[in-house]
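Enquirer: Using the working numbering, read the sequence shown as starting at 7 and increasing by one per residue.
Rather than coming from a laboratory, the hints here were simulated on the basis of the structure. Glycine included, C-beta positions come from ideal geometry on N, C-alpha and C. It is possible that part of the hints are untrue.
[To be verified] Pairs of lysine to any residue residues, derived as SDA-like cross-links and limited to a Cα-Cα distance of at most 25 Å, are as follows:
(1) K61 <-> L111
(2) K53 <-> G107
(3) K53 <-> Q74
(4) K53 <-> Q79
(5) K101 <-> S85
(6) K60 <-> D116
(7) K60 <-> D106
[Stated by the list, open to error] Ranges of calculated distance between the beta carbons of each label pair, as one might list FRET restraints:
(8) K101 <-> F49: 13 to 21 Å
(9) A73 <-> D99: 25 to 33 Å
(10) T45 <-> E87: 15 to 23 Å
(11) G89 <-> I113: 16 to 24 Å
(12) K44 <-> N115: 13 to 21 Å
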Amino acid sequence: MSNNEDKDHPGGGRGLGGNPGQGGEHGGGDDHGGGPDKTVNLFVNEKPVTVPDKKQTGLSIKQAAIAQHVPIQLDFVLSIERGGGKTELIGDDQKITVHDGDRFLAIPNDDNS
């Protein structure tokens with residue numbers, strides 16, 4: 007006679023949207039296929055970085071990396087690895103849609119060549 011509902015409802019849901027009482031601040035809900043967990047796992051300079059949503063900017067990726075102890079600075083130049091040895095520069099204000107496993111490189115902006 008315990009109130010432990012995990013035995014009957016392992017996901018915590020009761021048919022009314024799932025996970026009642028958890029994660030009530032997931033934003034506007036425009037991520038139709040992502041479910042409640044919208045975090046995206048990236049790599050910045052080979053270090054794992056998690057961002058809260060697939061919509062990011064160059065600056066927000068660098069801020070997340072710094073907050074997660076990746077040794078970079080906000081004025082570093084950010085690029086995304088596109089495969090085949092190709093990269094694309096990502097500006098601080100540039101909007102980008104990120105995906106799990108995307109790899110970024112952040113380097114000091116002191117190349118005067």
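Enquirer: It remains to establish, for every hint, whether it holds in the given structure.
Expert: Structure-based check of each hint:
1. K61 <-> L111: Between K61 and L111 the Cα gap is close to 18 Å, so the pair holds against 25 Å.
2. K53 <-> G107: holds (11 Å)
3. K53 <-> Q74: holds (9 Å)
4. K53 <-> Q79: Distance ~14 Å between K53 and Q79 Cα, so the pair holds.
5. K101 <-> S85: holds (13 Å)
6. K60 <-> D116: Answer violated: K60 to D116 is near 29 Å, above 25 Å.
7. K60 <-> D106: holds (9 Å)
8. K101 <-> F49: 13 to 21 Å: holds (20 Å)
9. A73 <-> D99: 25 to 33 Å: violated (19 Å)
10. T45 <-> E87: 15 to 23 Å: Because 20 Å falls inside the window, the suggested range holds.
11. G89 <-> I113: 16 to 24 Å: holds (19 Å)
12. K44 <-> N115: 13 to 21 Å: Given range 13 to 21 Å: violated, Cβ gap about 31 Å.
Checked against the numbered hints above, the structure breaks hints 6, 9, 12 and satisfies the rest.
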